[in-house]
Amino acid sequence: MADWDGGESQRRLGRHHEATGPLDDDSLYSISTQIHAGEWRGLATRLGFSAAEVSHFPSDHSFTAEQINQMLVTWRNRQPVHVNQTEALCKALKEVGNAQLADNLTGELDDSSLYDIAEQIDANEWTRLAAKLGFNQARVSHFKDNHSSVVDQINGMLVAWRKKQPGDVNQREALCKALREVGDINLADKLSEYSASDVQSLNAANICEDELKSHYKETGSFLQMNPWCEDLKKPIAEMCTKVQLITGEGKTEYTLVSYEEMLLLKTKEGKLIPIAVLSGLAGRGKTTLFDKIAYDWAAGSCKVLQKYKLVFLLKMCNLKQESNLVGSVFDQLLAEDTNLDLNALESYIKMNSGKVLILLDGFDELRTTSLNKSSFGSILKILNRRMCRGCTVLVSTRPSHLVRLTTKALIQQPFTHVRVMGFSKEDITEYVNKFYCDEPTKAKELLTRIRSSNLFSVLAESPMLLLMMCSLWSKDSKLPETMSSFYHNAVDEIGKRKDVSEQEINSVVIELGKVGLQGLLFPDQVLSFKDSDFEPGELNLALKAGILTTQRVFKGRVPHGSVQFIHKTFQEFCSALYLQNLFEVNRQEFQKILNEIVSKSPVDFEYLLRFCCGGNETCTFEILNVFLAKCKNRLSVRDRVGQLALHCYFESQCKCLPSKKFIQAVLRDNINLHGLLDDTLLSVTYFLRRVAEDSGSAYLDKIKKLNISHCEWIRSVTDLAFAVSAMKSLNKAQIIGSLTSETIAPVMKSLRNLAKLVSLNLFYNYLDSTAASWGMHLKEIKPLQWLNLSHCSLNGEDMVHVAESLKDLPNLARLDVPNNNLGGTAASWGIHLKELKPLQELILRNCSLNGQDMVHVVESLKGLHNLATLDIPGNNLGGTAASWGIHVKELKPLQRLDLRNCSLNGQDMVHVVESLKDLPNFAELDVSDNNLDGTTASWGMHLKELKPLQEVDLSHCSLNEQDMVHVVGALKDLPNLARLDVSGNNLGGTAASWGMHLKDLKPLQKMDLRGCSLNGQDMVHVVELLKDLPNFARLDVSDNNLGGSAASWGMHLKELKPLQRMDLSHCSLNEQDMVHVAESLKDLPNLARLDVPYNNLGGTAASWGMNLKDLKPLQRMDLRGCSLNGQDMVHVAEALRDLPNLVSLDVHSNNLGGTAASWGMYLKELKPLQELDLRSCSLNGQDMVHVTKSLKELPNLVSLDVSGNADLAGTATSWCLPLKHAKALRDPELYSCELTEEDKKRLHDALGNLDKLLL
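Note that full-length UniProt numbering has the sequence shown beginning at 1, numbered continuously upward.
Rather than coming from a laboratory, the hints here were simulated on the basis of the structure.
You may find that some hints are simply not true.
Calculated cross-link-like contacts (lysine-lysine; reagent style DSS-like; alpha-carbon spacing at most 27 Å) [stated by the list, open to error]:
1. K1220 x K1167
2. K837 x K862
3. K164 x K91
4. K702 x K807
5. K779 x K732
Fair warning: this is a prediction, and the values are worked out from it, not measured in the lab.
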C-alpha cells in the first residue's frame, strides 16, 4: 500500500457508497480526476454510451477531466431509482482494468494492502485490534500458532476478518473505525486518505501486476526437460528440485532451508537485508531458482512473497549499464499492447519500493563490461542504493564476476551473499527419480552410474548438466568421461533427435563457433546475435537442432530478432571446436587468438579453454605452453590460473605428461589446497596421480609441505593418496576439515612409508568411531614427532586405537588431542600413555575430562621420563584435585602445567601447588580463568616453594586487592621468576597496597596488567616500584582507561632503563598523554617496541610526533586505529626517518585515503624498514603511486600489507611497476582489495620474481 498523502476528494469518495442512492456531484468530479485519459472512452462505452455520444463530450469540454465528469453526470442522471450506482460504476471500472479505483469506491482491501497495514500495526497492540474486529482469544491463539512472525500473525488475522465481511461493507472504513477505537489514529488517517496521483500509480501497478502474473504463470509454469526438445516439458511445481543455498563464511556458514529464508535475513540491528547476491557456476540452477520465485509469487504459493506487489525478473544479458528499470520491464516482460502509464508505474515503484522485488539474472552476462558510475541507469542505481532503497533485489552471477559486482560502485554491505551450490546427493536422487518417475529402474541405473564416476558425481551437482545426463541416458543408458566429451555427446544427441547427420552437426557447430568466438572476444562479451551474423543454412539447421534459440526482444519498444546459444557454455563449447579446427588449418591464427585470450585474462575464458583441450593432446600441450610462457608465476595449484591449466590437462585425458618446465612450475615446495571445488580437486589430483604414475618421485620429491583444508575430496581421495605416497621428501602434512570416515583410511595408508614425515596435523575432521580403520597405519610412520588430532570428534574407543599404535613410534615428542569429548573414558586409553616413552608434550585441552579421568592420565604419565608439558585446560576439574593432585609430584621432568579454565577452587589450588614444589624443573604454571576470588590466603604461601618457577599466569581469576598482596608477597622469594600475568583482574585503585612488593621481584622481566581497571594513581605506584628491577624488559598496561593521567606517571617511565617494550593500546590516551609518554621514553636506551594502537590521536601528531625521533633504539612502532590523518602521517614519518633501527611500522586502520601525496615521500627515508602495514587505510590508486615510488628505495623491505583497501580495484597498472625494484620484497599482501583480473595479471607480470603474491 502506498504512503497515503491525503486529500479531501478521496475522503468524500470514501463516504458516498454507504448509501445505495445516487452519486453526488462532488463524488463524481473526484472520480473523474482519477480516471486515465486513455481509458475513459472505453468506460463510457461500457456505461452504455454510443460512439456518437462519446465523441460529443470532447466537443463540449476542452479538459479531459471535465469531459469525463460530464459523461459520468449524464450516466448518473439516466439511472433508474432502484439501481445501485456505486456497484454499477465499479463493475464498469473493473472491466476497463481500473480495479484499484473500483476498490477505492467500495472500500475493498487487497492482499498487498492488508500486508502493508500488518507491517505498520504495533506488535504489542494487535491483539486489542483483533478483539475489536470480533475475534476471541482462541482465534487469536490460533493466528499465533500458525505463524512464526508477528507480521504474519496480524496479516492472517486481517485476511480472516476481510473474508467475514458482507459485500456491502466498506472494508476500508470499517478497519479505520476499529483502528481509531484502539487508539491507532495515525494509521487510520493514512488508510482513509488517498490522493489522485496515488490512485493513478496504484492503477498502473495493478495492471502491471496482472500482466506479470499472467506472464509468469504462462511462461514459467513448465520446465523444459530436454534443452533441444521444446515439446518435452513438465510442470515446474512437480519437477523443480531445490538447490543448495549456502550463506556465511567459516563458523557462520550455514545452509538455507529454502529461498524464502534468504528474504528474511536481518542485520545485527534487526533490519531486513534488502539485497542478496547469488553466486554459482554455470548451470547450477540460478536461473531456474529465479523462475521458481517468479512463478511462486504469481501463483500465490509462498507467504514470504505476499508482501510484494510487483516482482520483476530481468535477464541481464539484455541489459546495459544505462538500462532503466521501467523501460526494461516494458522490453522484457510486458505485452506490446499493454495499456500502462510508464510514469505512473515509475511513481508507484519509487513510492512503494518496499513492495517491489527485483530479480536480476546473470550479472556476468551484462552487456557492459567496463562500468562507469556516471552512466548508470536506474537498475544499477537501485543496486548501489542510490535509488529506491526499500526495494528487495536478488542478483545472480558466476563466481568469476563476484568481486566486480560487490564493489563500492555497485553492491556494498549490508548484503547477503548466497552461494548456489547446485544439487546435493539427496537432491540429485530426487531429481533423477522425478525425471524418470515412470521408469524407476532407469532412474536407479543412472544414479548408480553417476555415483561410480568421480566426474559425473561433480557434474551432476549442476542442474543443467544433470538434465543433460538424464536426457542422454534416455537414449542408450551411457554417459561419457569428461566435460568436453559430455558436451560432444550432448551435441550428437541434439543432431540425432532432429534427424541431422553427425557430419552436418559437426560442421555447423564449428561455423557457429566462429561467430560465438567473435562474441566472446569482444570487449563487452556478446551473447546475443543477429540473424545476419550467421549463414542462413547454418542458422536454420542450428535452430532446428536447438543449439541456437531465437526470440523477439524489445529495444525502446521496437522489436528485434535475437539469436542466442541455449546456454553460454554451448557458445563456449562451439567456439572451442572452432579453435580446435583452426589449430589444424591455420596454426598462426590459432596462436594469435590463444595469445589474446591468455593475455586478457584466461580465467574469463575458462570453459572455452577447457573445451578446446577436450580429447586433443597436441592442442592441450600448445595451450599449456602458452600458460607457461605468459603466466608461469601463476601456475601454482592455489592460483586460479594454475587450476585452469590443470583443468585443461584433465579435459585432454592425455597419456603423456606435460613438459618438465610446466610440471616444475606447478609443483612447489609447499602444496596448498584450500577450499577447492570438487571439479578443481579432480583436476589437481588427476595431474598429481599422472605425475606419480609416470615418474614416481622424480617431480613429487620436491614437495616438503602439504596443506589441505576444507576440501570435500571423497571423489578424488584415491588419486590424491596415490600421489602422496610418492612425495618422499614430505615432512609436514596438514589436513583440516577435509577427512571423513570414507577418506581417512586411504590417506593414512599413503603416509606410512614417508621417511621424512615428522609432523601430521589433522584438525576439524569428523572421525567419530573410525580409528579402528586407520589407527594401525600410525605405527608405520616411524619418523613422526608431532601428531595433532584436534577437533576430530574422537571418542574413548578411538583413543584406545590411537594410543596403542603410537607406542611403536620412536620419535613421537608431542601428541595433541584437544576438543574431543573423552569424558569418563580415560580408564580404557590412559593406561597406554605410559608406553609413549619419547613423549615430551601432551595436550588434552577441552576434552570433558573429569577427576577420575585425571587420576588415570596422571598415574600413567609418571613413567614418562621426557614429559615436559601437560596441557589440560578447559576440563571441569573443580573440587577434584585432592584425588589426582597427589600424583602430579611424581611427574619429575614436568616443566609446564596448564590448568586454565578448569573451574578450580581455592582448595584445589592448595593440592596443586603443594604437589608442584617437589618438581625440580617446574618453570611455568598457568591457572588463568579460574575463579579464585579471596582464596589466595590458603595457597599463595606455597608459591614461594616453587623455586624453579619462571612464569605464573593468574589472569582473569577474579583476584582482589588482598589476593594480590598474598601472591606478590609470596613470589618475591622466587629467584627465577621472569613473567607475571595478572591481566583481567579488577584491581583499580588498589596498587598502593600490593605495588610496594613489586620492587622485591628482582628477576622479573615482564608484567602483564592488561584490562585491570587501573587508574592514573595505580600507574604511579606500579611504574615507581618497577624501576628497581634490573631485568625488567616489558610492561603491558593495555585496555586500562588512562586518558588524561600520563602527567602523573609518564615522568617515571624514563627510570625503567632496561625496558624494551611498552604496550599502551586501548588506553584512551590523548594528545597531552602522548607528549608525556614520548618525552619520557626517549631516555630509555633499550626501548625496541612501542605499541599505542587504538587511542584516538587524530590531528595531534604535531605536538608529540617530534619526540619520536629521539627514540633511537626503537625497532617497531604500532599506531593502528589511532584515527591519524594525512598531516599526522607527515609528522610521524618525518620523525621516524631519523631512527637507525626501525624495522616495522604499523599504521593500519587509519583513514589515509587521498593523503599519501603529503607523506609518501618520507617513506623512502626509512632505510632500515623491513615491514610496512597499511591495511584498511582507504588508500586509492594515486596514494599507492606515491607509496610504491618511495618503497622501491627501501633496500630491506621484506613485507608489505595493503589488504582491505577496496579503492585499489582497477588501479594496479598505475602503481605496480615500482614494486619490481623493491629487491628484498617477499609475499606482499593485497587481500580484499577487490582487484580485477587485469590487476592480478599486472601484479604478477611486475612481481614475477616473488615466491608468493597474496591476493
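Comparing the hints with the structure gives:
Annotation: proposed proximity of K1220 to K1167 holds, straight-line Cα distance about 17 Å (limit 27 Å). Distance check on the hinted pair: K837 and K862 sit about 11 Å apart at the alpha-carbon level, within 27 Å; holds. Only pairs whose Cα atoms come within 27 Å are accepted, and K164 paired with K91 is accepted, the gap being roughly 22 Å. For a cut-off of 27 Å, the pair hint linking K702 to K807 is broken: about 30 Å separates their Cα positions.
The hinted pair formed by K779 and K732 meets the criterion: a straight-line CA distance of about 17 Å does not exceed 27 Å.
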